Amino acid sequence: MSLLVDIRHRLGALDLEISFRAPGGVTALFGRSGTGKTTVINAVAGLLTPESGRIELDGEPVFDTRSDLSVPTHKRRVGYVFQDGRLFPHLSVRQNLTYGERFARAKPRASLAEVSELLGISDLLERRPGGLSGGEKQRVAIGRALLSRPRILLMDEPLAALDSARKAEILPFLERLRDHTDIPILYVSHSVAEIARLATTVVVLEGGSVARSGPAEHVLSDPGMVRQIGVRDAGAVLPATITRHHNDGLTELSVSGGRLFLPEMDTAPGTATRVRILAHDVILSRALPQGLSALNILSATILALRDGDGPGVIVQMQCGEDRLLARITRRSADVMALQPGDHIHAVIKSVSIARTDVGAG
Amino acid sequence: MSLLVDIRHRLGALDLEISFRAPGGVTALFGRSGTGKTTVINAVAGLLTPESGRIELDGEPVFDTRSDLSVPTHKRRVGYVFQDGRLFPHLSVRQNLTYGERFARAKPRASLAEVSELLGISDLLERRPGGLSGGEKQRVAIGRALLSRPRILLMDEPLAALDSARKAEILPFLERLRDHTDIPILYVSHSVAEIARLATTVVVLEGGSVARSGPAEHVLSDPGMVRQIGVRDAGAVLPATITRHHNDGLTELSVSGGRLFLPEMDTAPGTATRVRILAHDVILSRALPQGLSALNILSATILALRDGDGPGVIVQMQCGEDRLLARITRRSADVMALQPGDHIHAVIKSVSIARTDVGAG
Amino acid sequence: ETPVTVFAAASLKSALDELAATYADPVHISYGGSSTLARQIQHGAPADLFISANAAWMDVLEQDGLIVAASRRTLLTNRLVLIAGPDVDPDLTIEPGFDLAAALGQDHLAMALIDAVPAGIYGAAALRSLGVWEQVAHRVAQTDNVRAALMLVVLGEAPYGVVYATDAEASPDVRVVGMFPEGSHPPIRYPAAPITGANPAPAQAFLDFLLTPEAGEVFQKHGFGLPGDGA
Amino acid sequence: MSDWLGPAEWQALALSLWVSFFATLLSLPFGVFIAYALARWQFRGKHILNVLVHLPLILPPVVTGYLLLLTFGRQGAIGSWLYDNFGVILAFRWTGAVLAAAIMAFPLMVRSLRLAIEAVDPKLEQAAATLGAPRLWVFVTVTLPLILPGLIAGSVLAFAKAMGEFGATITFVSNIPGQTQTLPSAIYAFLQVPGGEGSALRLVVVSVVVAMGALLASEWLARRAVQRIAGS
Amino acid sequence: MSDWLGPAEWQALALSLWVSFFATLLSLPFGVFIAYALARWQFRGKHILNVLVHLPLILPPVVTGYLLLLTFGRQGAIGSWLYDNFGVILAFRWTGAVLAAAIMAFPLMVRSLRLAIEAVDPKLEQAAATLGAPRLWVFVTVTLPLILPGLIAGSVLAFAKAMGEFGATITFVSNIPGQTQTLPSAIYAFLQVPGGEGSALRLVVVSVVVAMGALLASEWLARRAVQRIAGS
Ligand SMILES: Nc1ncnc2c1ncn2[C@@H]1O[C@H](COP(=O)(O)OP(=O)(O)OP(=O)(O)O)[C@@H](O)[C@H]1O
Ligand SMILES: Nc1ncnc2c1ncn2[C@@H]1O[C@H](COP(=O)(O)OP(=O)(O)OP(=O)(O)O)[C@@H](O)[C@H]1O
Ligand code: MOO
Ligand SMILES: [Mg+2]
Ligand SMILES: [Mg+2]
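Chains as they are written, first to last, in this note's numbering: chain A, 131 to 491; chain B, 131 to 491; chain C, -3 to 227; chain D, 2 to 233; chain E, 2 to 233.
In short, the hints are calculated from the structure, not lab data.
All of these numbers come straight from a predicted model, not from anything done at the bench.
Cβ coordinates follow ideal geometry from the N, Cα and C atoms, glycine included.
Heads up, a few of these hints could be off.
[Stated by the list, open to error] Which residues of chain D face chain E? A few of them, derived with a C-beta cut under 8 Å, are:
# : residue
1 : Tyr189
2 : Leu217
3 : Ala218
4 : Ala223
[What the hints assert, rightly or not] Incomplete in silico selection of chain E near chain D, CB under 10 Å:
# : residue
5 : Leu60
6 : Leu158
7 : Ser208
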């Protein structure tokens, strides 16, 4: 299961030239407003015909200007979850969900009942979209796309219109989707938190072309990406394994550089997962700190210090096999005389690792 | 300049019974979706007629069921900034801005030129709303409301539709408005960060009635409000005074409990301001920590510990004359054997105090 | 019994309806303007018998070979009258040069279209031959059929009108000022003829019935003249 | 009320209802197709098509009737072709009255439908395409249900117009009782008779009542369709 | 082309243009008011008003003309009142032709306007009220400019319909060359005489060309108005 995009297209003042390969899992398209994310997704869906290039789904070309091929949308078998839901207002939830069924080449991998269960919409089947909350609508849209047995799921800011409570409601479903089906997902979002939680691959667009692409861990932990990602969202993503659930509500995880405590997770011990540690949530200490309320302290070696725009400095560290980022003031860096190669302790408040930043992967 | 609202109204399943008094400055209406915030604002504007009650602007009643009074909207002189802008699409920006001018009882306090300058829209005057970005639109909407010389500004989630870059663009204008005009503002928002930055008074609505109201510092720092505000947004707001700008880009402030360092602020020394310290950004330490990259350490006395839903505990502290909140794990609280009355050090990363959380007031 | 389909000028409706009701076989009568009906017959309308208020259109059909020319008869004649409305006190005698213009004053003379509808054509001819046309031409209000002209007078919108004697006869609300002299306009004739190739026998039978003296009495009752009357 | 109208008048009423109903039904698929083309497609001759559709509105009805006679009469290009190939005769039949009424009501129907179609968000149609539905299926299952209120309004308007159509009908199919004599033709015939105004008025009242019922029913149906879409 | 039409025909054309123009202009304010009431207000008798507006569409035109004569004729209730109080005479005048054309075109205009008004977001009108603008001012400065495309479309449709109106006009104001002889009356007259078809066809072509021009102009104007609103 993979996607290849290699297209050129002119849109108003913007010259798009976009080329990337998405392996399985969730590939996030990330970039500022107007960099061409929706355009790429529409090209994959066949709703927009690029001027030239080639798009392959599972190795099978669906668009190729050299052989003058452009498979019409309804034959591409893409499941598109639009930002605005686009449920059919005149059909019940059940009818919306089964709309694509008759065109699916094979039986859907999961039945209507299973998908409704997965998405928590079993009780809504006989209602009409008009009466649903924003979060419910979006879950129905996801179920509808899934049940058409697509070869790929395209999601264009599926959560952007929702408030944070609704987002929190849907994110787990997207994780289950990623983990329990083998459908690749192309996911557009402005939210680093969402991407960190979901994406296996990140493609960063800038001004109509691909600025950087690669595994999520690498791209998001790259200090060179701080500008694109934004100072407050910069951070590192570390692979982790769940070791144990403690009965005071904490879950213990092991990362290559040590162990971490997180608020209770409902995943079984032994499960591989990822944690995200924001650069500004990390405090550095030369000595091993004592008597602090922070539970998580990792040992690390400084790799590099980079000045930011303001009074801050980004400190990149090696922590076990992983990279860690910290954002501290220039003054602290000077007072502590931090140098590449120094050994250091990274203090991380357990509760500052957001629940939404943890995902299986 | 003040507003009195005391209304009862039935809306579908919701029984509204809302009564509060807003002094000058910014009064924030805060509450979940569907608690009646828009309804209140519409009642003040005269776009909705409550079943009974009384609304006064500046001591003058504009609605009163006992005397059967309901001043029509266009005579109430409220400036309403709608969530969706609602600029007149067929008029230029200049025509939009001056639309209310002919009805203003007196010359606007500020001229078109001054307001445009304040809002940074002087260069857009001859354009039509269709071509403006979301942030520009919203600023024009604010200018339009201002120039109609209203007795009060009503703002219903004026920033909700904007991405964070646009929000950051507009917030300073709202602050200037609050600080440089004497028009009271009734402000609806879901965002605690926005409210903390702007509000002088906070009115918390819950299920159709006022759950809590009072000065922003008190309401937002109240550990009892953690549930309404949300765990990740809970924190304390402290009055502060700017003491000094250091040449490494840090600004020093004094709070009643000590001093704090923040990334450079462009406000003159001596200015009174407010800082917000999120509960989850505070680490507690028995001993005065040494060699940490965190610059801000305040001494405090524990007032109370409250259990949350998860493995967290909210620790309320007295810090000088102010209250401070910290959110730590139950486990840490136990290990450190925290008790009310204990002296403690609160470690706060300077960079974790967001720029948007600082405002003059 | 074979139903007969008759295409007849609309002005014949009251008389023909009465006669058809007494006829043994069913008769379907389609009433309309003579021009409309004639043109429809040209385009193959399922008419068996055509009764026109207008010889010109019957001539056209005869040239086209659409009627059984040998069976063409003049069924009826009619006269033109000058009528006055209910509130008008007419002091006029129809004679050459009579002062219709003065009687009209600023008001209108109601007539059917003077270039297109037979009643209008005849009326204009009569007024011309009496030498009054020039004075009244600009005060003529023309309607699309003669009934509408009558209605204008009935409603008092126009004080005077030129209509068929039959129309005036049937309308209690108008006063007949006078009849136009026979020679002042071409004779008004209602030709009738079976349509070629249609249903000649029943059509002929019905035409024969209309030509009987009993039928003639009915027509006369409605104000028509019979060709024998010296027209 | 059965005493109030004579048998010929009942017949005219029944025929008018019948003809108007069929005219509406007949023009509906064409109307939907042309309205869709005008609303959604760009093609050469679009303006011409638009004017052509509006023509019956612009021309005096008699002219439209005459043109119909020339085209669909038994000697007319299409009329003779229809007769030779299918044995179909339109002129002077109730079928012809249906055609005349349909043509006259067509511009009204197309305008209503066009506006309704323009109001349907093409994004919903795109969404259906991504689910694998071919164009025609999308049209039937998404577009059509969504334009239902406009379709009802347009149909009833066309029906009302058809009930009142006179000039084109009498010119094209004449005024043969029981065959082509519709309510308006009967009204016309009464107006030709001295003292027929009363009878004409009776028929006018009947047609107003029918059209009024249709309009009210349509408003009600359209509201229901809107509510159904808005959802409970 | 001046050879192609005779002087009387030129006169009929000029009069038709004039009458249609005035009919459109005259009905516009009423149309806007009634369309606004139907679109935005709830009141008793709304359904009746709606049916009343549609009546000229439903009734055979001759009947409408007859009713006009009864009401606005010199003996009619309103007609005599107009004459006694203002010296205004409609019967047999071009002014009457304007009235007839306006009434016949009215339903089409109101429908277009009503849809346009329903499409205006009441929130914009509310926004104007919060800025201190009284209702009428809001209507003139906000609603009206926003319905401009619909207003243009409705006006041109009404104009086209007025150009083709015959039955009601000739019944109400008859046919007085130079005063009330419009293009459709001239066409009708030609069709009554054997061999007049050619001349009738010439006039039909003229009226189609005029209406076509008006329709094309309206599509262009409406597009411009929409673009103006969308903004540069
Ligand atoms: N039809 C069009 N004509 C001209 N320019 C267009 C058109 N459609 C899109 N654009 C421009 O192309 C660029 C890319 O648009 P696109 O919608 O793909 O951006 P995006 O990355 O999805 O942005 P966002 O995050 O705001 O959704 C934008 O600058 C947009 O203004
Ligand atoms: N016309 C109406 N009929 C019935 N219920 C209504 C109506 N308008 C609003 N409501 C209900 O009244 C409640 C209050 O609505 P209101 O818009 O004031 O909420 P809000 O606090 O502004 O919410 P949000 O944060 O989502 O904007 C909601 O539950 C809403 O569903
Ligand atoms: O009988 Mo006519 O042909 O209507 O004047
Ligand atoms: Mg996009
Ligand atoms: Mg609201």
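Right, here's what the structure says about each hint:
Annotation: Tyr189 of chain D was flagged as interfacial toward chain E, and the flag holds, the nearest CB pair being 6 Å apart, inside 8 Å. Satisfaction of the interface hint for Leu217 of chain D is found here, the shortest Cβ-Cβ separation to chain E being roughly 6 Å, below the 8 Å cut-off. Hint status for Ala218 of chain D: violated, given a least beta-carbon distance of 11 Å to chain E, over 8 Å. The beta carbon of Ala223 of chain D is not positioned within 8 Å of any beta carbon in chain E (closest approach about 12 Å), and the interface hint is therefore violated.
At its closest, the beta carbon of Leu60 of chain E sits 5 Å from a beta carbon of chain D; the interface hint therefore holds under the 10 Å criterion. At a threshold of 10 Å, the smallest CB-CB gap from Leu158 of chain E to chain D is about 7 Å, leaving the interface hint in force. Using the Cβ-Cβ criterion of 10 Å, the hint placing Ser208 of chain E at the interface with chain D is satisfied: the shortest such distance is roughly 7 Å.
When each numbered hint is compared with the structure, violations occur for hints 3 and 4.
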